[in-house]
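Engineer: Sequence:
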Amino acid sequence: MAHDRLWIIDPIDGTRAFMEGRNEWCVAAALAVNGRPVLAAVYTPRHEEFFIAALGEGASLNGARLTIPDSASLEGAHIAGNRKALASLAHLGIAADPTGSLPLQLRLAHVAAGRLAGAVSIGNRNDWDLAAGELLVTEAGGQVSGTSGEGYIYNRAQPWQQGLVAAGAKRHAALIDALNSQRTP
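Per the numbering used here, the very first residue in the sequence shown carries number 57; after that it's consecutive.
Source of the hints: derived by calculation from the structure; they are not laboratory data.
It is possible that part of the hints are untrue.
[Said to hold, decoys possible] Across the chosen pairs, the derived CB separations fall in these ranges:
#	residue 1	residue 2	range
1	I65	R102	15 to 21 Å
2	A225	E76	33 to 39 Å
3	R61	A128	33 to 39 Å
4	E76	G112	36 to 42 Å
5	A143	R212	28 to 34 Å
6	A151	G205	30 to 36 Å
7	H59	E206	21 to 27 Å
8	A110	N182	20 to 26 Å
9	H147	E104	35 to 41 Å
10	R139	A58	33 to 39 Å
Here a beta-carbon is modelled for each residue, glycine too, at the ideal position from N, C-alpha and C.
Given these sequences and hints, build the entire structure.
Structural biologist: Below, the structure is given as structure tokens:
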């Protein structure tokens, strides 16, 4: 790590939506200390929603504390993600949201707020698309990791992480198991 402390900022997550005048974009910022987010904020100007989190202090939306509902079941769970990830989970009866209308930071904020049961994505994801949302989810009682279950470390030479799985702890474990069972040895 080049620095012990680093601000990871995405001034417009959902650039395409912003340019087209749609509502699904946000501003996101996280302070990472020793590779882990400790402060986070995600703001959606069109909806006037301000998500914040501080390590060990919880997460909130416009001042209301966030807690992720959790279940080990994937049946009927509203999961947002890219088509490849959702296709590998389709046989489990999830309520897939493949539209991609929400940028990654908002997907994570919506998981933290309980609006989505989870979020999945296969492939590399940029640190600035994840750091703030990761802290929101973990401080609301959930888990965030790469698709193999590995945690994220920010401020590395490559500013990206391998995949995304975010949900309450039980559902996160079920999603990791389901994604890994689809891999061929």
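Engineer: For every hint, state whether the structure bears it out.
Structural biologist: Taking the hints in turn, this is what the structure says about them:
1. I65 - R102: 15 to 21 Å: Holds - the Cβ-Cβ distance for I65 and R102, about 19 Å, lies within 15 to 21 Å.
2. A225 - E76: 33 to 39 Å: Roughly 36 Å apart at Cβ, these two residues keep to the hinted range, so it holds.
3. R61 - A128: 33 to 39 Å: holds, 37 Å
4. E76 - G112: 36 to 42 Å: holds, 39 Å
5. A143 - R212: 28 to 34 Å: Between A143 and R212, where Cβ atoms are some 29 Å apart, the hint holds.
6. A151 - G205: 30 to 36 Å: The hint (30 to 36 Å, Cβ to Cβ) is violated, given that A151 and G205 are roughly 23 Å apart.
7. H59 - E206: 21 to 27 Å: Check passed, 22 Å falls within 21 to 27 Å.
8. A110 - N182: 20 to 26 Å: holds, 23 Å
9. H147 - E104: 35 to 41 Å: holds, 39 Å
10. R139 - A58: 33 to 39 Å: holds, 35 Å
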